[in-house]
Amino acid sequence: MQQRAYYVTTPIYYISGNPHIGHVYTTVVADVLARTARTAGPAFFLTGTDEHGQKVANAATAAGKLPQEWCDDLVPRWQSLFAAYHVAYDDFIRTTQPRHERVVQRVFETLRERGDVYLGTYEGWYCVFDETFWLESKLAGGKCPTCGREVQWISEDDWFFALSKYGPRLLEYFRAHPDWVRPKSVYNEMMALLEEGVEDFSISRTNFDWGIPIPGGSGVIYVWFDALLNYISAIGWSVDDDRFHAYWPAAVQLVGKEIARFHTIIWPAVLWAIGEAPPELVFAHGWITVEGQKIGKSLGNAVDPFALADRFGADSLRYFLLREAPFGSDFSYSEEKIAQRHNNDLGNDLGNLAHRTLSMLQRYREGVVPAPGATPVLARFAELPQHMRTAIFDLRFRDALESAWDLVTTLNRAVEERKPWALHKEERGAELDAFLYELCEGLRRLAILLHPFMPERMQELWRRLGIGETRIDDAWESAFARPLAPGTHTILGDPLFPRLDLVGK
RNA sequence: GGCUCGGUAGCUCAGCGGUAGAGCAGGGGACUCAUAAGCCCUUGGUCGUAGGUUCGAGUCCUACCCGAGCCA
Numbered sequence: 030m031q032q033r034a035y036y037v038t039t040p041i042y043y044i045s046g047n048p049h050i051g052h053v054y055t056t057v058v059a060d061v062l063a064r065t066a067r068t069a070g071p072a073f074f075l076t077g078t079d080e081h082g083q084k085v086a087n088a089a090t091a092a093g094k095l096p097q098e099w100c101d102d103l104v105p106r107w108q109s110l111f112a113a114y115h116v117a118y119d120d121f122i123r124t125t126q127p128r129h130e131r132v133v134q135r136v137f138e139t140l141r142e143r144g145d146v147y148l149g150t151y152e153g154w155y156c157v158f159d160e161t162f163w164l165e166s167k168l169a170g171g172k173c174p175t176c177g178r179e180v181q182w183i184s185e186d187d188w189f190f191a192l193s194k195y196g197p198r199l200l201e202y203f204r205a206h207p208d209w210v211r212p213k214s215v216y217n218e219m220m221a222l223l224e225e226g227v228e229d230f231s232i233s234r235t236n237f238d239w240g241i242p243i244p245g246g247s248g249v250i251y252v253w254f255d256a257l258l259n260y261i262s263a264i265g266w267s268v269d270d271d272r273f274h275a276y277w278p279a280a281v282q283l284v285g286k287e288i289a290r291f292h293t294i295i296w297p298a299v300l301w302a303i304g305e306a307p308p309e310l311v312f313a314h315g316w317i318t319v320e321g322q323k324i325g326k327s328l329g330n331a332v333d334p335f336a337l338a339d340r341f342g343a344d345s346l347r348y349f350l351l352r353e354a355p356f357g358s359d360f361s362y363s364e365e366k367i368a369q370r371h372n373n374d375l376g377n378d379l380g381n382l383a384h385r386t387l388s389m390l391q392r393y394r395e396g397v398v399p400a401p402g403a404t405p406v407l408a409r410f411a412e413l414p415q416h417m418r419t420a421i422f423d424l425r426f427r428d429a430l431e432s433a434w435d436l437v438t439t440l441n442r443a444v445e446e447r448k449p450w451a452l453h454k455e456e457r458g459a460e461l462d463a464f465l466y467e468l469c470e471g472l473r474r475l476a477i478l479l480h481p482f483m484p485e486r487m488q489e490l491w492r493r494l495g496i497g498e499t500r501i502d503d504a505w506e507s508a509f510a511r512p513l514a515p516g517t518h519t520i521l522g523d524p525l526f527p528r529l530d531l532v533g534k
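FYI, our numbering numbers position 97 of the first sequence as 126, with every residue one higher than the one before it.
It should be emphasised that the hints constitute simulated quantities derived from the structure, not laboratory data. All values reported here derive from a predicted model rather than from experimental measurement. Accuracy of the hints is not assured; some may be wrong.
No more than 20 Å apart at the CA atoms, straight line, and that leaves these computed lysine to aspartate or glutamate pairs for EDC-like [said to hold, decoys possible]: (1) Lys-194 - Glu-225; (2) Lys-448 - Asp-502; (3) Lys-454 - Glu-506; (4) Lys-213 - Glu-224; (5) Lys-194 - Glu-160; (6) Lys-194 - Asp-229; (7) Lys-366 - Glu-456; (8) Lys-366 - Asp-530; (9) Lys-84 - Asp-238; (10) Lys-84 - Asp-102; (11) Lys-213 - Glu-98; (12) Lys-213 - Asp-229; (13) Lys-286 - Asp-208; (14) Lys-286 - Glu-460; (15) Lys-84 - Asp-159; (16) Lys-448 - Asp-428; (17) Lys-286 - Glu-309; (18) Lys-286 - Glu-185; (19) Lys-84 - Glu-179; (20) Lys-213 - Asp-530; (21) Lys-172 - Asp-186; (22) Lys-286 - Asp-102; (23) Lys-213 - Asp-102; (24) Lys-448 - Glu-460; (25) Lys-84 - Glu-98; (26) Lys-366 - Glu-353.
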């Protein structure tokens with residue numbers, strides 16, 4: 030009996046434009062979860078791109094390209110962005126891939142056979158930009174209530190998904206699983222929607238053709254219906270049942286709050302309709318804002334995430350996002366805040382602890398790890414791995430990092446108390462050995478525990494500790510049980526997190 | 001118009017019935033291994049407003065104000 034993998038997904042990103050820091054945020058969160066999970070067992074991390082729909086087709090046309098060319102040109106930009114932020118996904122799905130299109134069509138056919146997808150007539154207002162139908166009563170001054178653009182009156186035969194049939198079951202499921210949608214505010218809002226009642230909705234489009242064809246019919250499948258299925262097409266639904274069930278249901282699906290509705294109401298209903306279970310947790314995070322304003326090209330406040338990585342270091346950004354943002358709420362970021370976190374937490378606390386330790390080791394012991402003695406500080410932090418793991422899987426990243434920083438601060442205090450320079454002067458060699466050893470082992474443990482958050486810098490710390498040839502991402506308990514070997518040759522090197530001078534105002 | 005979440009020190013937030021907390025920023029100090037970093041001490045809040053429940057309320061209830069959001 031194989032242990033089911035920890036399956037984590039990000040939304041697939043709609044490539045009608047360029048990626049921004051918000052995409053980095055979601056993806057880095059998923060990466061931290063996956064990296065942590067991998068230290069304890071199998072895990073699978075999926076991200077990708079959502080490539081169909083009229084907006085993509087329009088963007089391609091505007092650029093003088095075919096939709097597929099447009100997508101093919103843009104995808105590498107997303108992939109290189111994630112690489113720049115040290116994101117290690119297991120799979121990157123594109124909704125234009127045959128493996129996905131086959132599954133979408135199969136789901137459509139399955140639902141049609143069951144009667145959960147049926148042919149009906151739709152007549153009403155339609156917003157091309159949002160690819161959404163609107164009731165007359167919802168229009169704002171005759172225009173689309175969400176984007177403010179002109180709407181068109183259309184009348185067409187469409188395929189409908191029988192969502193209303195699942196309304197009672199959804200309500201029941203929500204009541205029985207009060208924690209399955211987080212944060213609570215989003216759960217409450219979705220619950221309110223369910224209590225009002227849900228309606229069948231159209232899942233086909235006939236006024237353009239950039240999408241997955243309706244099997245045995247005309248028109249294409251609605252992009253949202255198509256997109257949701259990426260989470261199961263990537264892991265082999267209906268193609269490889271063993272593989273599929275090794276991953277599904279997902280441990281956590283991360284979404285932005287604006288798409289919570291698709292993932293917590295429509296998605297479980299579709300899954301039930303094909304005989305599968307809903308994910309264990311859907312977490313809707315907030316938006317990253319700049320001075321309270323949502324990031325967007327149109328607002329002109331989009332920051333190039335490549336430039337941010339260059340300027341502050343990708344791992345500093347990762348740390349900043351997970352340490353500073355209250356996960357689940359909107360979060361106003363500024364470069365000044367990034368620089369503060371970098372300098373204070375990473376440079377002064379952690380980086381300096383590493384540097385002063387390795388420097389003393391160099392000065393007093395020629396860089397060689399001495400014989401161990403008592404490690405009273407580390408003994409007090411025996412519960413740290415368990416504590417951090419619990420916080421991380423509960424998506425309380427701030428708590429996890431704060432508890433790691435307790436150890437950093439305690440070690441810095443211990444240096445002031447033990448005064449290794451005095452021990453050296455007074456030739457109390459055994460005491461100095463024991464203490465230097467404890468500092469090195471403490472750094473080793475920090476490197477292990479912080480590796481999911483800052484993979485590149487912690488790997489470098491690992492190398493400085495002279496153990497670069499060994500794995501940093503083994504199971505935490507066993508890694509703690511095999512402490513640093515005396516005689517290991519360490520490397521001082523330059524500061525891990527060099528202080529940044531005043532950041533522009 | 002209905003609903004949800006939030007409003008606690010200059011800033012970011014924790015506390016959710018029992019003498020107001022952390023980090024950063026500000027002020028002072030002793031040290032020197034270190035990225036003028038680290039360490040110690042310290043200034044600072046009538047916990048959005050007004051009522052209510054309670055022996056006792058940021059902490060529960062009601063109304064209102066402000067911000068964000070969901071639905072109409």
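Cross-check of the supplied hints:
1. Lys-194 - Glu-225: Holds. Lys-194 to Glu-225 sits at ~14 Å (cutoff 20 Å).
2. Lys-448 - Asp-502: 32 Å, violated
3. Lys-454 - Glu-506: With Cα atoms ~37 Å apart, Lys-454 and Glu-506 exceed 20 Å; violated.
4. Lys-213 - Glu-224: Distance ~16 Å between Lys-213 and Glu-224 Cα, so the pair holds.
5. Lys-194 - Glu-160: 24 Å, violated
6. Lys-194 - Asp-229: 8 Å, holds
7. Lys-366 - Glu-456: 44 Å, violated
8. Lys-366 - Asp-530: 13 Å, holds
9. Lys-84 - Asp-238: 12 Å, holds
10. Lys-84 - Asp-102: Judged against 20 Å, a Cα distance of about 16 Å means the pair holds.
11. Lys-213 - Glu-98: With a Cα-Cα distance of about 41 Å, the restraint between Lys-213 and Glu-98 is violated, given a limit of 20 Å.
12. Lys-213 - Asp-229: At roughly 26 Å apart (the allowed maximum being 20 Å), Asp-229 and Lys-213 break the hint.
13. Lys-286 - Asp-208: Roughly 16 Å separates the two Cα atoms, so the pair holds.
14. Lys-286 - Glu-460: 55 Å, violated
15. Lys-84 - Asp-159: Roughly 8 Å between the alpha carbons, so the hint for Lys-84 and Asp-159 holds.
16. Lys-448 - Asp-428: 30 Å, violated
17. Lys-286 - Glu-309: Given pair Lys-286, Glu-309 holds - Cα atoms ~17 Å apart, limit 20 Å.
18. Lys-286 - Glu-185: 31 Å, violated
19. Lys-84 - Glu-179: 15 Å, holds
20. Lys-213 - Asp-530: Violated: Lys-213 and Asp-530 sit about 40 Å apart, past 20 Å.
21. Lys-172 - Asp-186: Violated, at roughly 23 Å.
22. Lys-286 - Asp-102: 28 Å, violated
23. Lys-213 - Asp-102: The hint is violated at about 39 Å.
24. Lys-448 - Glu-460: 11 Å, holds
25. Lys-84 - Glu-98: 15 Å, holds
26. Lys-366 - Glu-353: 9 Å, holds
Checked against the numbered hints given earlier, the structure breaks hints 2, 3, 5, 7, 11, 12, 14, 16, 18, 20, 21, 22, 23 and satisfies all the rest.
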